[in-house]
Structure formats: structure tokens, C-alpha cells
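These protein sequence lines map, in sequence, to chains V and W. Residue 120 in our numbering sits at position 120 of the first sequence, and the numbers go up by one each step. Residue 51 in our numbering sits at position 51 of the second sequence, and the numbers go up by one each step.
Hints should not be assumed to be uniformly reliable.
[Unchecked claim] Per the computed footprint, the stretches of chain W lying under chain V, defined by three or more beta-carbons under 8 Å from a beta-carbon of chain V, are:
#	stretch
1	484-497
2	557-566
[Claimed, not checked] Computed far set for chain W versus chain V, every beta-carbon distance over 12 Å:
#	residue
3	S105
4	L111
5	G133
6	T171
7	D275
8	P279
9	Q311
10	A312
11	P313
12	A337
13	D373
14	A585
[To be verified] Here are some of the chain W residues that sit facing chain V, going by a computed Cβ distance under 10 Å:
#	residue
15	D345
16	N398
17	G401
18	G416
19	Q417
20	S437
21	T439
22	Y440
23	A442
24	L462
25	G464
26	G465
27	Y543
28	L546
29	L554
Simulated from the structure, these hints should not be mistaken for laboratory data. Every residue, glycine too, gets a C-beta built ideally from N, C-alpha and C.
The chain contents come next:
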Amino acid sequence: MTRPDGLVPVEGWLERVDGNRMPGPAPAPAATTAGPGRQVLAIGGTLPAAAQPLWTAPLPADRLLGQASTDGQGRFRLLLPPGPATLLIAVPGGYWLNRFDGRGDFASLQVQPGLAPVRLVDDRGAVF
Amino acid sequence: MPVVERDGLARRLGGLERLGAAYGPWAAQAYGLPEAHGLAQALAVDDYAANTGTTGRVAVGGSSTGVLEVRRDRDWFAVDLTANRTYALRETGVTLSDPLLRLRSASGALLATNDDAEGTRHSLILYTPTASGRFYLEAGAFRDSLTGSYRVSVADVTPAPPPDDFAAAPTTTGSVPVGGSRTGTLEVLGDHDWFSVAVTAGRTYDFQLNGTSLADPALVLRDGAGVQLAANDDAGSTTRNALITYTASATTTLYLDAGAFADGYTGTYTVVATDQTPPPPPVGFSSVDGYGEASVARALDLLTGQPLARQAPLGGVFWGLDRVGAPTAWAAGVTGAGITVAVVDTGVDTLHTDLDASLWTNPGEIAGNGIDDDNNGFIDDSRGWDFVSNDNDPMDLNGHGTHVAGTIAAENNGSGQTGVAYGARIMPVRVLDAAGSGTYAAIANGVRYATANGARVINLSLGGGTGSPDLQAAIQDAAARGVVVVMAAGNDGAATVGYPAAYAASVGMAVGAVDLNGTMASFSNRAGSTPLDYVTAPGVNIYSTLLANTFGYLSGTSMATPHLAGLAALILSYRPTLSAAQVEALITASASHGSGVFTA
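All chains, please: the whole structure from these sequences, using the hints.
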């Protein structure tokens with residue numbers, strides 16, 4: 001659905017994955033929602049991350065499209081203009097996203113009506 | 001007066017010795033009986049009572065005499081006998097023409113009877129008591145119809161034991177070599193046989209005493225002074241056999257004291273000495289990182305007999321490739337081409353642009369025609385199989401298998417990541433669901449599928465705390481068919497590997513994780529003290545393919561394992577005729593216990 005202001009609602013949830021997650025015959029541990037108060041930021045376009053998941057430099061303020069805080073279930077909701085955007089998770093020391101495209105830029109998404117809920121993962125403490 | 005009545009009277013009077021002594025002659029005269037008939041004597045004294053109160057005694061090796069003064073008279077003689085010895089108990093007539101001997105227990109119960117076993121109507125009982133104690137010989141006459149004098153005797157006729165085969169002292173002639181055995185006999189109750197055995201300090205031995213006819217062997221280990229060092233009764237492999245496991249503290253001669261439980265048995269036995277010292281770990285094996293960090297460059301050096309020209313490190317996200325020496329192999333034209341590597345995992349994102357050209361294609365299958373063209377039991381398995389959904393679409397819904405696949409054979413296309421063996425082909429075999437969970441049955445079936453359909457390497461970046469005989473059998477079968485199976489050591493930070501990596505003690509390889517500097521990851525399970533084909537490979541912050549055409553970092557021994565899978569594929573690509581065992585031997589022999597210095 002397109003709003004009168006042209007913004008598109010982007011919904012998603014943030015999971016925290018940590019500990020030993022080696023797959024196998026044992027039942028897999030359930031993913032843990034990140035819980036409330038985690039900040040998710042949206043930057044227009046892509047960011048040249050050089051395949052580094054932790055962005056430590058200041059974010060380009062002129063490209064900040066929005067920011068949301070997760071609720072008790074780790075869910076977030078942003079209103080973004082159509083087009084490419086990069087969602088980052090605020091973490092101590094910077095912003096985190098462990099997903100990249102083939103060039104090493106942070107993986108971006110194409111904001112458009114009907115966009116499926118976005119799953120973000122904070123897997124800094126996980127081993128597989 | 002009938003004789004019987006006279007006899008009855010005599011018996012009644014005969015027990016009254018004092019009365020008989022006083023009135024016997026009078027009675028004989030009163031009844032008008034001749035003195036020669038013996039009644040007077042009978043009336044005077046019944047020499048021995050026929051009950052446990054008798055005064056009659058007979059010693060072993062001795063004899064006693066007595067008289068049946070009247071018909072139906074019986075005389076008891078107490079005798080003390082020893083258990084398990086054999087006695088000849090006799091009643092021999094002197095004037096008594098037909099003795100009859102009975103043996104009774106301490107309570108008077110009848111144990112044995114004999115009439116005419118010896119000579120002319122003399123009695124003989126051969127008896128072996130099972131318990132020592134008091135017994136009674138009852139001297140009587142055939143049918144209680146005769147009188148007269150007799151002799152009872154007791155002789156110990158126990159057969160003499162054979163000579164003792166081995167002395168129970170350091171002077172014994174018995175000896176047992178380590179790795180050998182000796183037989184012997186406990187000839188009599190209480191016998192002990194000693195055997196010397198030479199032991200070496202620090203070595204561990206099993207000393208067994210196995211009964212042949214000996215029912216319950218008991219073994220004691222003694223030092224040269226006869227001091228007991230260890231003892232055992234029933235710890236042996238079969239019921240009642242004895243076993244002592246002993247680690248020698250000095251190089252010396254000890255003695256094995258072969259006996260029976262409570263000295264209560266005789267019989268033949270075998271004493272066995274074996275060296276059970278665990279073999280020393282193989283050269284180069286460490287309980288921490290096994291054979292060390294694997295390198296295809298060093299493996300190919302070893303295989304070719306000449307060092308390959310080393311290439312400059314690629315650095316960046318390719319550091320794992322550098323550590324396993326992949327660029328050196330590539331420079332030599334070895335890319336994994338011609339080798340199929342099965343990723344038995346959560347599946348593979350078959351649409352990933354950095355993987356799609358590296359995927360295995362089943363040459364015998366026509367995709368989508370609904371026919372099992374190659375008769376392998378799987379319809380349209382043109383790009384692997386999904387054992388979770390049991391269909392021909394092994395698409396990854398988790399991301400783990402896709403990451404593993406990228407480390408092995410991501411395309412060398414200038415985008416994203418490049419696999420260790422980018423020229424190899426990935427066979428996707430999905431055995432774990434979207435949550436990363438599955439069954440050993442599915443995993444075993446996945447291994448069998450990969451083996452049957454041409455994989456030369458199988459990657460198992462999965463595991464758990466328990467084993468599966470089914471999976472073990474599948475891995476063994478794969479190895480027997482020349483397939484190198486590589487298995488993640490596990491992420492518990494434990495001193496030993498999990499399963500199925502533990503099977504690397506006999507088949508396949510276990511893989512631990514190191515970081516950029518070659519330092520063992522804290523989460524990585526160690527090799528353990530049991531020698532197994534364990535090596536390490538990069539497994540911390542590994543950059544590889546993820547779902548939806550993305551890339552990312554994952555850590556774990558799951559990430560180290562595909563580095564080794566790719567490495568094995570490179571070796572097999574260089575020399576496809578190598579067996580799985582040869583590849584594994586090459587990898588372990590060329591692995592290195594790094595100090596953090598890049599040496600590939």
C-alpha cells in the first residue's frame with residue numbers, strides 16, 4: 001500500500017543468534033528475539049562496507065531515511081521512500097550488518113509496496 | 001523256651017551291664033542254658049552301645065574289636081573324618097561269620113551300608129566325606145542273625161596327589177613371557193603356583209588366570225619378596241576368571257600367584273600376560289590440534305616430491321584461502337576440476353550467482369521428465385536430493401549449507417568469495433531443515449546418496465553429542481569406496497571431538513578451527529588423546545555465500561570443515577587415483593603445528 005506521502009511501511013524483526021548453533025540431529029535452539037529498545041536505522045542507497053560488518057564511521061546524515069526502535073518482540077516498523085535502502089543495527093562501537101553483496105557493500109533492499117517483512121540478525125556471538 | 005525269647009530276654013538284660021555282671025551266671029543257671037552259648041557273657045556286658053553315646057572309638061589308621069554278644073546286637077564306634085579324603089571303613093569278622101557294616105552321620109543318620117564287599121563276607125565301605133566331622137561305624141551282622149567277635153578299622157586311602165608342578169615361591173620354575181601364556185594345575189586344595197614375569201617400568205599389563213577345569217581361579221600379583229601388589233578373583237572376561245591390570249612402577253621381575261578362590265578348588269588353568277600399554281600417539285599428533293593445520297601446498301609438495309612455487313597472500317576476505325595454500329595449488333593448475341564434493345547439510349542456494357555455475361549436475365538424469373533416468377532410486381535428482389522433504393529440490397532454507405558450499409567451490413568470478421576448490425562441483429544434499437535440525441537417518445541417507453552418485457569428498461559440517469551406528473556405517477562405506485569424509489570437530493570448546501567427527505579415529509577426518517593467525521579457536525573442540533585424523537583449518541570469521549545472493553561471515557568448525565573439503569578436492573583433482581586413506585595420510589603428514597606464522 002502506498003501512503004499519501006509516498007512512504008512505504010517496512011516491517012521486520014531483529015533476531016539475536018548466539019552460542020553454539022552447529023546444525024545436526026539435535027533439535028535446533030530457537031532464535032531469540034532481540035527484545036525491546038534496539039535501534040534499526042535505514043540509509044538510502046548502499047554503503048561501501050568493504051565486507052566489514054561493523055560500520056564505525058559516522059553515517060552519512062543526509063542519507064538517513066529513518067530510525068526505529070524494536071518492541072518487546074524485536075519487531076520494528078519504518079516508513080521509507082521507495083528505492084534502495086540499507087538497514088543497519090546499532091551496536092556498541094557502530095552499526096552492524098552481516099550481509100553483503102558481491103562487491104562487499106552492505107546488502108541493501110529495494111523498498112517498494114508489498115515488501116515482505118525484513119529479518120535482521122545480530123549473530124555476533126554465534127558459532128556454527 | 002524258644003531261642004528268640006531267650007534272645008529277647010538277653011537283650012533286655014544285656015544293656016544293664018552292672019546287673020548282668022552280678023546276675024549273669026545266676027541267670028544262666030536259672031534258665032538252664034550252657035555257658036558256651038554266650039548268653040552269660042551277653043547278660044554280663046554289651047561292649048558298645050548302638051547310639052551316639054557309645055564308648056567305642058576308632059582312629060583313622062587304627063582298628064577296634066568288639067563282640068556282637070547276642071543276635072540283633074549292634075555296636076557303634078565314633079570316628080573323626082576329614083572332608084575330601086577317602087577312607088576305607090571295614091568290619092572284619094573274627095568269629096563273626098558275616099559282618100555287616102553301616103556308616104552313620106554325627107546325628108545317627110544312615111549314610112552307607114555294606115555286607116560282603118571284601119574277602120569272604122567281610123564288609124568294606126569306601127567313603128569320601130564332603131565335610132569334616134564325627135561319624136559312626138555301626139558293626140552288625142547279616143540280618144542281625146549272628147553273633148561273634150569282629151574288628152572295625154579305618155584307613156585313609158586318599159590317592160596321593162601328583163607332584164606339585166610349580167612351587168609357590170620365587171624359586172618356581174614357572175615363568176610367563178609377556179605376550180604369552182602357561183598352563184598349570186592346582187593338584188590339591190590350597191595349592192598355589194607362582195610364575196615369574198618380567199615387567200618394564202611404565203608399561204601396563206593384563207594378567208589373566210583362566211580356569212580350564214579349575215572352577216574359580218584367583219590371581220595374586222607379588223613382588224620379589226612375595227608381597228602382594230594386586231589381587232583379583234572374578235574380573236576376567238568370563239565367569240570367575242581372574243584379571244589384574246597393572247602398570248609397572250619399575251623394571252623388574254614379578255610373580256603371578258595362581259590359586260583358587262578360598263583355596264577351595266583344584267584343576268587346570270592358563271595364566272596369560274599381555275602388554276596393554278596404549279600405543280604412543282603418532283608422530284606429530286597433539287591432543288590439542290591433532291596433526292596441526294592443513295595445507296594443500298605442503299600436501300602437494302609431499303605428493304610431487306618438489307616444492308610448488310608459493311603465491312603471495314590474497315589477504316582480506318580471502319585469508320582462509322591463503323592459510324590452506326589454495327592460491328599455490330591454483331597457480332599449479334589445480335583447481336578441483338573433475339571432483340565432486342557433496343555438501344550434506346541444510347541444502348544449497350542453487351540460485352546464488354556465486355554458486356550456480358559450480359553446482360553438480362547428475363549426468364544420468366534428465367531434469368523434470370518425471371523419470372528416474374539413471375535408476376538410482378531418485379526421480380529427477382539432476383542437482384542433488386532433499387532428504388528432509390524427500391524431493392529433488394535441495395534448496396537451502398537456512399543458509400548454513402550455502403555458506404559451506406561457497407567455501408568449497410564459490411566461483412572464481414571476481415565477485416563475493418572464491419572457493420578453495422573453485423573448479424570442483426558441489427552436490428547439494430539436504431538433510432537438515434530450515435532450523436538446522438534433522439535426523440541421523442537422513443544424514444546417513446545423504447551420505448549414501450553422495451557416495452552412490454559420484455562424490456569424492458563429503459562435507460559434514462554438522463554434529464551432536466551422540467553417535468549413530470547407521471551414520472558410522474555410511475561413512476565407513478563411503479571411505480571404502482574412495483570418498484574422503486570430512487567432519488566438523490564441534491563447537492563446545494571440549495577436549496575431544498563430537499560426533500560424527502569421533503569416527504575419524506578409524507575413518508574420515510575431523511576438523512578443528514583456527515583464526516586468521518592460525519590460533520586455535522576457543523570454541524573449537526580439541527583432538528583429544530585418542531589418535532584420530534584431526535587437522536585444523538580456518539574457521540573464525542569466514543566470509544562466504546549466504547542466501548539471496550548475499551555474503552557474510554560465520555564462525556565455527558562448520559566453516560573450517562569445508563576448507564578441508566576443498567583442500568581434499570584439490571589433492572584428488574591433482575591425482576584422482578588416490579584412495580581416501582591416501583588423501584587423509586597426505587593431509588595429516590603435511591599438516592603443521594603453527595605458531596601463528598603463515599607457513600602455507
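Hints the structure violates: just list their numbers, smallest first. none
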